[in-house]
Amino acid sequence: MKNDKTLLMNILAIVFLALLAYFIYAVATSSDVGINLMDDNVVENRVADRYLNKNVLDENSQYEWGGKAEDSAANIVTAVLADYRLFDTSLEVIVLFVTVMGFGLVLPDERRKIKESTQLLFNWLPILMTFMLLVGGYMFINGHLSPGGGFPAGAIISTAILVGILAGKQTVSHHTLKIVEAVAGISIFSLATLGFILKGSFFINFLEGGNIGDVFSAGLIPILYTLVAFKVSAELSGVYLEFYKGGEEHDHA
Amino acid sequence: MNSSLFLIIIPLMGAFIALFAKKANRLMAIVITLFMEIFSIIIYLSGKLPVSVEIGGWQPPYGINFVLTPLSVGFIILINLAAIISLFIIRGEKSYQFYSTYLVLLAASNGIVLTGDIFNFYIFSELTAFGITALIAYPKDRKSTGAAIKYLILASTAAAFLLIGIGIVYKTLGTLNIADIASKISLLDPLTLELIIILMLTGIFVELELFPFNMWVPKAYLGGTASVNVMLHGMLGTAGAYTITRILLTMFTVDGSGLLVNVNIANSVIVIALLTILVSEIAAFNEKKIKKVLAFSSMGQMGLIIFGFMIGNEQAIVGAFYLVVANFVAKTILFVLTGEFIAMSGSGNWEDMKGIGRKHPVAGLAFVIGSLSLMGVPFFAGFWGKLGLIQGAINGSAFMVVGIVIVLITAIIEGIYFLKIAHTLFLEKDSDREYLSKARVHSIVIAAILALAIIAIGVKPGLIESNINSATDEILNSTSNYIDIVFPRR
Amino acid sequence: MTMLNIFLLSSTSLIFIGLYGVLTRKNIVKILLSLNIIETGINLLLVAFGYVENGEVPILTSSESLKNIVNMVDPVPQALVLTSIVIGLGTTAFALGLTIRYYKTHGTLSIDASDEEEVMLNE
Chain B
1 MKNDKTLLMN
11 ILAIVFLALL
21 AYFIYAVATS
31 SDVGINLMDD
41 NVVENRVADR
51 YLNKNVLDEN
61 SQYEWGGKAE
71 DSAANIVTAV
81 LADYRLFDTS
91 LEVIVLFVTV
101 MGFGLVLPDE
111 RRKIKESTQL
121 LFNWLPILMT
131 FMLLVGGYMF
141 INGHLSPGGG
151 FPAGAIISTA
161 ILVGILAGKQ
171 TVSHHTLKIV
181 EAVAGISIFS
191 LATLGFILKG
201 SFFINFLEGG
211 NIGDVFSAGL
221 IPILYTLVAF
231 KVSAELSGVY
241 LEFYKGGEEH
251 DHA
Chain U
254 MNSSLFLIII
264 PLMGAFIALF
274 AKKANRLMAI
284 VITLFMEIFS
294 IIIYLSGKLP
304 VSVEIGGWQP
314 PYGINFVLTP
324 LSVGFIILIN
334 LAAIISLFII
344 RGEKSYQFYS
354 TYLVLLAASN
364 GIVLTGDIFN
374 FYIFSELTAF
384 GITALIAYPK
394 DRKSTGAAIK
404 YLILASTAAA
414 FLLIGIGIVY
424 KTLGTLNIAD
434 IASKISLLDP
444 LTLELIIILM
454 LTGIFVELEL
464 FPFNMWVPKA
474 YLGGTASVNV
484 MLHGMLGTAG
494 AYTITRILLT
504 MFTVDGSGLL
514 VNVNIANSVI
524 VIALLTILVS
534 EIAAFNEKKI
544 KKVLAFSSMG
554 QMGLIIFGFM
564 IGNEQAIVGA
574 FYLVVANFVA
584 KTILFVLTGE
594 FIAMSGSGNW
604 EDMKGIGRKH
614 PVAGLAFVIG
624 SLSLMGVPFF
634 AGFWGKLGLI
644 QGAINGSAFM
654 VVGIVIVLIT
664 AIIEGIYFLK
674 IAHTLFLEKD
684 SDREYLSKAR
694 VHSIVIAAIL
704 ALAIIAIGVK
714 PGLIESNINS
724 ATDEILNSTS
734 NYIDIVFPRR
Chain W
744 MTMLNIFLLS
754 STSLIFIGLY
764 GVLTRKNIVK
774 ILLSLNIIET
784 GINLLLVAFG
794 YVENGEVPIL
804 TSSESLKNIV
814 NMVDPVPQAL
824 VLTSIVIGLG
834 TTAFALGLTI
844 RYYKTHGTLS
854 IDASDEEEVM
864 LNE
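Chains as they are written, first to last, in the numbering used here: chain B, 1 to 253; chain U, 254 to 743; chain W, 744 to 866.
This is chain B alone, in the form it adopts within the complex (with noise of 0.2 Å):
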């Protein structure tokens, strides 16, 4: 009775999957009037143009490598995502936030202890944390000029953190955690409005620009990013802590 039942299931499943399929495969080729799921990318057509020509404020502006621009972020997603599109990468760190909680929250109370592994790894591990957390600090300094920013480097830093436990040593306390995520989170709100109280528009980008490729530019993206990668470190920590004894002092209201 209840294989019939899988059975059906499987059936239904693949029926409807292949009625979906069927559709996208009408609506790809289809040829009517109007623009066309497959037709060519054309990146002019989309905002991304102007993000890419940094003339959001004013059309006719132009920029060259080593000067001034609207938004002195030279890697462009970076630019995309803490500047033009900041609120929602601020509203990302939130849903990270409330997962980890909700997560800390429903899990089971029994804990594990912190065994130490074997000598080797215990006596590297000071070596091995120092050069993740050179490498995570590289990346939320760099994060407006090259490949990744807060959350990348946040998961380095807070994988450090994890290598610490798996070696035997608990490098922080879960209460410092808490408080470093708070204050974080606080902080980054706080530079929103200060942008509001300065210039009259939340999270505006209130610093001066600097020039593009400079380490010193982007206004305030680096801070935000230093700000978002120890957020994110805190958070993730946090998770593997939860897991061990010792970790976490439990409110029980």
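To be clear, the hints were calculated from the coordinates, so they are not data collected in a lab.
Don't take every hint at face value.
Here are some of the chain W residues that sit facing chain B, going by a computed Cβ distance under 10 Å [stated by the list, open to error]:
no. : residue
1   : LEU751
2   : LEU762
3   : TYR763
4   : GLY793
5   : GLU796
6   : GLU807
7   : PRO818
8   : VAL819
9   : PRO820
10  : THR835
11  : PHE837
12  : LEU839
13  : TYR845
14  : GLY850
15  : LEU852
16  : ALA856
Below are the DSBU-like pairs computed for lysine-lysine, each with C-alpha atoms no more than 35 Å apart in a straight line [as the list claims (entries may be wrong)]:
no. : chain 1 : residue 1 : chain 2 : residue 2
17  : B       : LYS5      : W       : LYS847
18  : B       : LYS178    : U       : LYS276
19  : U       : LYS276    : W       : LYS847
20  : W       : LYS847    : U       : LYS542
21  : B       : LYS178    : U       : LYS347
22  : B       : LYS178    : U       : LYS542
23  : B       : LYS178    : B       : LYS115
24  : B       : LYS68     : U       : LYS437
25  : B       : LYS113    : W       : LYS773
26  : B       : LYS178    : U       : LYS275
27  : B       : LYS115    : U       : LYS275
28  : U       : LYS347    : B       : LYS169
Note that this is a predicted model, so its numbers are computed, not measured.
Ideal placement from N, C-alpha and C gives every residue a C-beta, glycine not left out.
Using the hints provided, position chains U and W relative to the given structure of chain B.
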């Protein structure tokens, strides 16, 4: 009006502060929510509406924007009202996770309504999904965990469809701004447009509690506590009703007329809405658990609202807005009182609640008023909604007649089961019964005030008529009322 | 067959495989894996939407790269994908935490377990 972003920023900052607020977190949540409600009322009355707010100083299609219209700010007021009520009926939740998640949910449900950018909308809807999942899972028992994981899986699958839809919109039209998409929608190939609408509809159907996607609803209401039920109904449900006006009736319409661009899809949505009404009312009829009865009735009302919006003529949309308000107020009363009744009788079945109405006549009366309004009895707020709906359907196409029949039949079914509950509450005697706890006075006061509001609107619909007419006008002429606000120079 | 078509085809097949898994599997961990496959597919799809044949990375590295702006791939889908990756990560982490709790309260990983319990309660 740039300051309207405080509606998002303040609760989010509060969510971080709640990590350390220990015992003060409930007070802080109440203060923040009260601020939000007062602030949104001030915005509504300021006379500066409608307005488009640029975030980050980039003009609309390039940056993200908020659109504040009488319609969206009106919905915000309702959402924040539900938030306040849900905070007042909390029982014993003290941990920081609860309040922190609640504040994120508050910000996100405000954001869904205010945002004018489709990708931003996607993030906000994901945030509400995570927030409500964490709140449903909060009791950490069997029921709530099962409900939470089912909701999370459904919501993420639906969100995946929404994201594909957004991707295709960007690929074809090259923009993410809702007003920009709405003004360019006629450039699309009809089949591609159909694909986009289907993908986005799938993405929002889960939140709208429509038929094939609503098996999570009764479980979620059963698993959550009374205050989470009010949040689920008053915050998420109201935001969902707004979503249909914005995503469907502004983005995908013929020249901003309130009629969906593709007639086939409009008709299928109507069929789905009618199916939802039928299935949920029949399911509610046989249900013993009072929370499930309310959950099914909630689904049915959502179906009614969507039916009204999809008919697309003026009377139907006016009716749908009356239904939104009436359903919001009535269902909030029922959820608040249900929480009290369950705590008193110690059982989730309504058959065990004999005589509670005699012990607390005000609460019982409020319960009956709420149920009468849901049925659509004259002189209660819901009547004007169903009246408008039926008037609109008569003026619509021939196949709407089926809709009228279904609406009337389900109203009778709804009447029977609510009267059965009311009968149990009042008439059956169980005099030497010991109750586990006393009903809390503030819950009854809240319910009584809301019940008075229902009667006031029911007797004198002129009280909110002007607001509803301006909201209807906004949907029927979205070109001048929405697109021109975002792009004044075009 | 152009590169773009290969990307589109592979990403849609990933999405379909994931959807099939979500629809038919009973084990929660398998459902979550399928969800992750869908998310990977979507990310690939979005990046493919911004793909330009023989395009360049949208990063300015020297004064030479400024001349190639017309040739650069679309940066917006990449920014959207970065956001959607983080959302996917959050979903997975939260859902796995819930799964651990589910296993503790239900004693099984089958998604049907909570339905069976309801049938028991109603009888």
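Supplied contact hint for LEU839 of chain W, tested at 10 Å Cβ to chain B: holds, 8 Å
Distance restraint between LYS68 of chain B and LYS437 of chain U, which requires alpha-carbon spacing of 35 Å or less: Between LYS68 of chain B and LYS437 of chain U the Cα gap is close to 34 Å, so the pair holds against 35 Å.
Cut-off 10 Å, beta-carbon criterion: hint that LEU852 of chain W touches chain B: Violated, because the Cβ-Cβ distance from LEU852 of chain W to chain B comes to roughly 15 Å (cut-off 10 Å).
Restraint check for LYS113 of chain B with LYS773 of chain W, where alpha carbons must lie at most 35 Å apart: holds, 29 Å
Per-residue hint verdict: TYR763 of chain W, partner chain B, C-beta under 10 Å: Holds - the Cβ of TYR763 of chain W comes within 10 Å of chain B, reaching about 6 Å at its closest.
Restraint check, 10 Å cut-off on beta carbons, for THR835 of chain W near chain B: Constraint on THR835 of chain W satisfied, holds at 9 Å.
Given pair status - LYS115 of chain B, LYS178 of chain B, alpha carbons within 35 Å: holds, 23 Å
Hint consistency between LYS178 of chain B and LYS347 of chain U [alpha-carbon to alpha-carbon, up to 35 Å]: holds, 18 Å
Proposed proximity, LYS542 of chain U with LYS847 of chain W (alpha carbon, max 35 Å): This hinted pair holds, its Cα atoms lying about 26 Å apart.
Pair hint LYS5 of chain B and LYS847 of chain W, alpha-carbon separation not exceeding 35 Å: It holds: about 27 Å lies between the C-alpha atoms, which stays within 35 Å.
Satisfaction of the GLY793 of chain W interface hint, Cβ to chain B closer than 10 Å: With Cβ-Cβ at 7 Å, under 10 Å, it holds.
Restraint satisfaction for GLY850 of chain W [CB to CB of chain B, less than 10 Å]: violated, 13 Å
Checked against the numbered hints above, the structure violates hints 14, 15, 16 and 22; every other hint is satisfied.
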